[in-house]
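Q: Chain residues, written in single-letter form:
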Amino acid sequence: MKGKKRRVITIHSSRGGTGKTVIATNLAAIYANKGLNVVLLDLDFRAPSLVAVFSKTIKGPIKHWLGDFLDGRCKAKQALIDVSEGYNFRGKLLVGFANPSIDAIRNLVEKSRAWEVTAVKKLFSLRSTLFNEMGIDCCIFDTSPGVQYTSVNAVVSSDISVIVTTYDSLDMKGVENMLVELYDAFAKKTVVLVNKVFPETRMWSNREQKQLISRMEKVLRHPVIGVIPCFCDVLQAKRTSLLAVEKPNHPFVRNLEEVAEKLEVGVETNLEEKVVGK
Amino acid sequence: MATKAKSATLGAEKLLSQLVDGLNQINKKLDSIIQLNKNILRIQKELLKKCGIQGPSVTERKISPDVLSLLSLPAALRKTVMVLYKLEKATAEGLAKETGRLRAVESAAANQLVRLGYLKKKREGREVYFYIESPMEIEK
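In the order they appear, the protein sequences are chains A and B. Heads up: the first sequence runs through residues 27 to 304, numbered per the working numbering. Heads up: the second sequence runs through residues 5 to 144, numbered per the working numbering.
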């Protein structure tokens with residue numbers, strides 16, 4: 027996004043288990059590998075997982091969590107930890123971690139509606155800190171599934187949302203409802219990424235894949251930015267491994283690189299025109 | 005043909021301008037009714053106090069404009085609140101710059117949100133600012 031519009035991307039889903047966090051972390055790694063300065067925030071306060079993903083690269087105890095920033099107990103910069111050194115990225119990767127302790131989860135889940143108003147304003151103010159003061163090119167929000175305050179706050183304060191779904195009918199129905207009742211209501215730019223699609227699609231021709239995308243776009247009435255087949259080794263990989271770093275030639279990473287490219291460039295051109303009802 | 009199109013545009017502009025004037029007048033009348041109501045309540049409270057009667061407590065309506073509450077608002081009002089998440093405070097002119105709508109439309113929307121209890125407004129010199137009252141100080 028150097029020389030291009032800096033943007034905040036929300037990775038969201040209607041239900042759990044769609045591969046949201048794997049997508050968010052690897053997308054951040056792909057951008058950082060390209061030389062961009064990236065911030066990845068764990069906004070999944072109910073089930074924080076980024077601490078586990080980056081556990082090997084975190085040096086010493088974490089002094090400030092993302093919740094502390096939203097609570098006004100620390101500045102944004104203090105809640106961001108630079109993990110790029112551990113991966114030899116060309117750019118920077120800073121991560122804002124959510125505290126995985128039960129006390130912290132309970133504390134954040136019990137917050138009032140008034141607190142949520144402050145939280146969404148904080149997320150908006152974070153943009154200027156990241157883009158104008160810290161030279162960040164891209165910020166990625168990894169959110170909780172479904173309609174919860176932190177997720178909706180993230181959607182409202184971001185430039186574009188990527189809804190990750192599987193091809194499961196319940197997932198697709200959930201996405202369909204969420205698109206109409208949430209995303210369209212806030213008039214936010216939204217694309218859908220279908221993950222863990224049946225492995226046979228790997229053997230499909232480009233024409234067949236395009237037909238599948240076209241069918242889904244007709245149902246969802248929003249652009250489908252990519253279809254990633256299910257890979258057993260991705261499902262079995264340790265959560266601490268970043269495929270984009272360890273296996274950059276893996277087809278999962280190749281697929282995600284295409285998605286990253288579209289988010290970087292394509293959404294501003296052809297995809298945007300395809301958004302129905304905008 | 006060109007003359008016809010030009011006169012149609014002028015007609016539409018005139019109509020729009022009349023509509024905006026009408027909205028402004030309604031706004032002013034509503035504001036004066038609200039002020040009148042406040043004065044009546046204040047006088048009533050003073051009279052009750054003088055007579056030694058404890059009247060019902062009158063509290064200002066205040067609603068927290070969180071993201072999920074916004075879903076119950078009409079789209080036009082929702083857009084105004086979303087701009088104020090970003091701007092902290094703004095005049096009708098400032099809101100209009102962000103939304104791309106007319107200043108009068110923004111003024112009407114923001115004033116309606118004040119009446120509903122979602123926003124607050126304050127005067128600073130000649131400008132009237134709309135803002136979201138937050139229980140926590142926003143740290144930049």
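Calculated directly from the structure, the hints in this document are not laboratory data. Misleading hints may appear alongside valid ones.
[Said to hold, decoys possible] Below, a list of computed lysine-lysine pairs in the BS3-like style, where the Cα atoms sit at most 27 Å apart:
#, chain 1, residue 1, chain 2, residue 2
1, B, 42, B, 32
2, A, 264, A, 244
3, B, 33, B, 53
4, B, 49, A, 137
5, A, 101, B, 18
6, B, 33, A, 103
7, B, 101, B, 49
8, A, 101, B, 33
9, A, 31, B, 32
10, B, 90, B, 33
11, A, 137, B, 90
12, A, 137, B, 42
13, B, 49, B, 90
14, B, 10, A, 31
15, B, 124, B, 101
16, B, 93, B, 124
17, B, 49, A, 103
18, B, 101, A, 137
[Unchecked claim] Output of the computed footprint for chain B on chain A, the stretches with three or more beta carbons under 8 Å from beta carbons of chain B:
#, region
19, 108-122
20, 169-179
Built from N, CA and C at the ideal position, the CB exists for glycine as well.
Q: Work down the list of hints and note, for each, if the structure agrees.
A: Hints and how they fare:
Proposed proximity of residue 42 of chain B and residue 32 of chain B is supported: the alpha carbons are some 15 Å apart, at most 27 Å. This hinted pair does not check out: residue 264 of chain A and residue 244 of chain A have alpha carbons roughly 36 Å apart, beyond 27 Å. Distance restraint check for residue 33 of chain B and residue 53 of chain B: the Cα-Cα separation of roughly 30 Å exceeds the 27 Å cut-off, and the hinted pair is therefore not satisfied. Distance check on the hinted pair: residue 49 of chain B and residue 137 of chain A sit about 36 Å apart at the alpha-carbon level, beyond 27 Å; violated.
Our distance criterion of 27 Å between C-alpha atoms is broken by residue 101 of chain A and residue 18 of chain B, whose separation comes to about 51 Å. Only pairs whose Cα atoms come within 27 Å are accepted, and residue 33 of chain B paired with residue 103 of chain A is rejected, the gap being roughly 48 Å. A threshold of 27 Å between alpha carbons decides the hint, and for residue 101 of chain B with residue 49 of chain B the separation of about 42 Å lies outside it, so the pair is violated. Between residue 101 of chain A and residue 33 of chain B the CA atoms are separated by roughly 45 Å; this puts the pair beyond 27 Å, and the hint is violated.
The hinted pair formed by residue 31 of chain A and residue 32 of chain B fails the criterion: a straight-line CA distance of about 42 Å is larger than 27 Å. With a CA separation close to 30 Å, the supplied pair residue 90 of chain B and residue 33 of chain B exceeds the 27 Å bound. Simply put, residue 137 of chain A and residue 90 of chain B have alpha-carbon atoms about 21 Å apart, close enough for the 27 Å limit, and the pair holds. For a cut-off of 27 Å, the pair hint linking residue 137 of chain A to residue 42 of chain B is broken: about 33 Å separates their Cα positions.
The hinted pair formed by residue 49 of chain B and residue 90 of chain B fails the criterion: a straight-line CA distance of about 39 Å is larger than 27 Å. As the CA atoms of residue 10 of chain B and residue 31 of chain A are separated by approximately 38 Å, the hinted pair breaks the 27 Å bound. Restraint check for residue 124 of chain B and residue 101 of chain B: the C-alpha separation of about 20 Å stays at or below 27 Å, so the hint holds. A hinted pair counts as satisfied when its Cα atoms are at most 27 Å apart, and residue 93 of chain B with residue 124 of chain B qualifies at roughly 10 Å.
Between residue 49 of chain B and residue 103 of chain A the alpha-carbon distance is near 51 Å, which puts this suggested pair outside the 27 Å criterion. Restraint check for residue 101 of chain B and residue 137 of chain A: not satisfied, since their Cα atoms lie roughly 33 Å apart, outside the 27 Å limit. Chain B is given as covering the region 108-122 of chain A, and this is violated because 0 residues of the stretch bring a CB closer than 8 Å to a CB of that chain, at least three being needed. Coverage of the region 169-179 of chain A by chain B holds in this model, with 4 residues showing a Cβ closer than 8 Å to a Cβ of that chain against a need of three.
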